[in-house]
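Here is what each chain is made of, one letter per residue.
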Amino acid sequence: MAVLVLAEHSNNALNDATARTVVAARAFGGDIDVLVAGHNARSAADAAAKIPGVRKVLHAEGEAFSHALAEAVEALVVPLMSGYDAFFAPATTTGKNVAPRVAAKLDVMQVSEITKVIDASTFERPVYAGNAIMTVKSGEAKKVVTVRGAAFQAAAGSGAAVVESIAAPSGPFKAAFVSEELQKSDRPELASAKRVVSGGRALASAEQFNQYILPLADKLGAAVGASRAAVDAGYAPNDFQVGQTGKVVAPDLYVAIGISGAIQHLAGMKDSKVIVAINKDDEAPIFQIADYALVGDLFKIVPELTSKL
Amino acid sequence: MKVLVPVKRVIDPNVRPRVKADGSGVDLANIKMAMNPFCEIAVEEAVRMKEKSIVTEIVLVSIGPAQAQETIRIGLAMGGDRGILVQTDMAVEPLAVAKILKAIVDSEKPDLVITGKQAIDDDSNQTGQMLAALLDWPQGTFASGVTKEGDKLNVTREVDGGLQTVSLSLPAVITTDLRLNEPRFASLPNIMKAKKKLIDVKTPADYGVDVTPRLQVVKVAEPKKREAGEKVADVDALIAKLKSVGAI
Chain A
34 MAVLVLAEHS
44 NNALNDATAR
54 TVVAARAFGG
64 DIDVLVAGHN
74 ARSAADAAAK
84 IPGVRKVLHA
94 EGEAFSHALA
104 EAVEALVVPL
114 MSGYDAFFAP
124 ATTTGKNVAP
134 RVAAKLDVMQ
144 VSEITKVIDA
154 STFERPVYAG
164 NAIMTVKSGE
174 AKKVVTVRGA
184 AFQAAAGSGA
194 AVVESIAAPS
204 GPFKAAFVSE
214 ELQKSDRPEL
224 ASAKRVVSGG
234 RALASAEQFN
244 QYILPLADKL
254 GAAVGASRAA
264 VDAGYAPNDF
274 QVGQTGKVVA
284 PDLYVAIGIS
294 GAIQHLAGMK
304 DSKVIVAINK
314 DDEAPIFQIA
324 DYALVGDLFK
334 IVPELTSKL
Chain B
441 MKVLVPVKRV
451 IDPNVRPRVK
461 ADGSGVDLAN
471 IKMAMNPFCE
481 IAVEEAVRMK
491 EKSIVTEIVL
501 VSIGPAQAQE
511 TIRIGLAMGG
521 DRGILVQTDM
531 AVEPLAVAKI
541 LKAIVDSEKP
551 DLVITGKQAI
561 DDDSNQTGQM
571 LAALLDWPQG
581 TFASGVTKEG
591 DKLNVTREVD
601 GGLQTVSLSL
611 PAVITTDLRL
621 NEPRFASLPN
631 IMKAKKKLID
641 VKTPADYGVD
651 VTPRLQVVKV
661 AEPKKREAGE
671 KVADVDALIA
681 KLKSVGAI
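Chains as they are written, first to last, in the working numbering: chain A, 34 to 342; chain B, 441 to 688.
Quick caveat, the hints were computed from the structure, so don't treat them as lab data.
A quick note: this is a predicted structure, and the numbers were derived from the prediction, not measured.
Check each hint, because a few of them may be wrong.
[As the list claims (entries may be wrong)] Okay, derived cross-link-like pairs now, DSSO-like style, lysine-lysine, Cα gap no bigger than 27 angstroms in a straight line:
1) K659(B) <-> K671(B)
2) K138(A) <-> K490(B)
3) K170(A) <-> K665(B)
4) K683(B) <-> K207(A)
5) K306(A) <-> K681(B)
6) K683(B) <-> K333(A)
7) K252(A) <-> K665(B)
8) K149(A) <-> K333(A)
9) K542(B) <-> K659(B)
10) K681(B) <-> K207(A)
11) K306(A) <-> K664(B)
12) K665(B) <-> K306(A)
13) K207(A) <-> K665(B)
14) K681(B) <-> K149(A)
15) K592(B) <-> K138(A)
16) K313(A) <-> K341(A)
17) K175(A) <-> K659(B)
18) K592(B) <-> K207(A)
19) K207(A) <-> K542(B)
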C-alpha cells in the first residue's frame, strides 16, 4: 500500500501541517511519499525529506505551482495516483481547495477533515460544527482524505528520504494568480502555535483589540486569534478567526478574552490543553469549558496579567 | 450571463443539533430547518450581480426531500428567477451532488455556478470543487470578493495567511465564504411573488446519477465533554494556577 501526501508550504519553507498529515498517513499505513509542488521550492522539499516515516519526496517545479492553484495541482496529482492507494492532504485552505478536485477526477468520495484514523478504511470526523463525531467507512478503491492538523501531533525525530524531481504539467490552466495580501507577523502561526491568545467582541474596537490582545500575546510568545463576532465586527482580520468556519486549534494554552463562547467558536478550540477564560459575564458559555475562569473587566485584568507575567 | 446557484436545506444554524441515542445520526425530526448560510450568501451574490446587470438569469437548484422546495422558494423570494428540485429522500453525498449539478449545467449551460463553501450539517467542503473538476472549469473557492474584469472574473479568496486573488476564465465555479456579503431578508411582497415562480421537479434518475452513498456511516457520537474548571479570584491566583500546571 502507498500514500501520497500533499505538502503545505510557502516554497521556501515547509508548513507544520505537512508533518501532521504524515502522522495521519502513517496511522493509515503503507509507504508514504510527500509531494512538494512549487516554484523554487527545493528548500521545502529538503525539509519534507526530514519528516520521519517518509519513503521519498516527489518534487515538482513550475511557475504554475508558485501559489498552489487547484487546477494545476489537480493536473499534477491525478496521473500520479495510478501508483497510490490514498491521497492525504492537510485540511488547510490549499488542501481543501485541491483534494475534492482529485477525488472527483478519481470518481471517489472524499473523507473531509479527519481527526482520527481507525483503520485503513475507517475514519472519525467532526460534523455539525463539532457537535457530533461521525465514524465513516470508505469502500472506495482509492481513499482521498483531508486531515485536521490540530488532531495529530507531528512525530519527533528526523528522517532522511530521497528527493526525486518529477515532471510537472505546464498548463495553460484556466485560473491564474493575480495577487496576495498575506498578514506579516513575527508571532507563531495560529494553526500550530503552542499558545494562543484570542479576543472577542467585548474588545469593542480594532484599536482596543490591538492595544489589549497583542501585548499579552507577545509576552506569552503566543499566536493571536479572534472569535467570529470580533472578525465580523472588523476588530481582527479573518485569518485570525478560530472556530468551525475558521481555524481549528489545539494549543497547550488558550486564553479567551471577552469571548462569550458560541458553539462555532468552541468547536475551534475546545481540544486545547489548558483553557483560560476572562469575561465579565459569569454566565458566559465559555466558562463551561474553561479550566480557569476569571470573571471581571478585561480592560483592567488583561494589562495587569500582561505586566505580571 | 446566466448563473446556477445550488441551495441546501439544513438544520437551522441557531438550533443545537442532538445526537440520536442509537448513534445512527443527528435527530432532525421536528427540528427547524433553513437554507444553509453559505448558500444564502451564494444566492445574495448572484442577485447583486443581477442588480449590476452582470447577470441576466438566476436558476436555483436544490437536491433533497419535497420540503427542499421551501428552500428554493426562499431563494426565489431573494431574487432568483426559477428553480429546479431534484427530489430524493436519500442523504446525497457531495460527489453525487456534483454529478447531478454537472448534468444540470450540461443542459442549462450557465456561465457561472456559485455554491456555498460548505454545508453546516456534514461540513464536507467538497461540492463546488468536485463540480469544477467534473466540468474541467476553474474555481474560486472561499470567495470574499468577486469582480468582473472583461471576459474574466477576479475572485478574492480567504486563504490561511490572508487573501489571495485569482483570475478565472469563464465558465467557472465560485464557492462563498462568510465575508462575501450579508444576505438580504426576503420581503413579504417578494415572498408572495416567489410563489408564482416556476420550480421544475426532477429525480436523480432523470440525470442518470446513482446517489447510493459511497461512505458508510458507522456511528455518530457526542463529542467528548469538557468539564468546567474552577473560578480564580484574581490575576495573581490565575498566574499561580498556570504555573502549577506548567502552562507558563
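task = Please write out, lowest number first, the hints stated earlier that are contradicted by the structure.
result = Structure breaks hints 1, 2, 4, 7, 8, 9, 10, 13 and 14.
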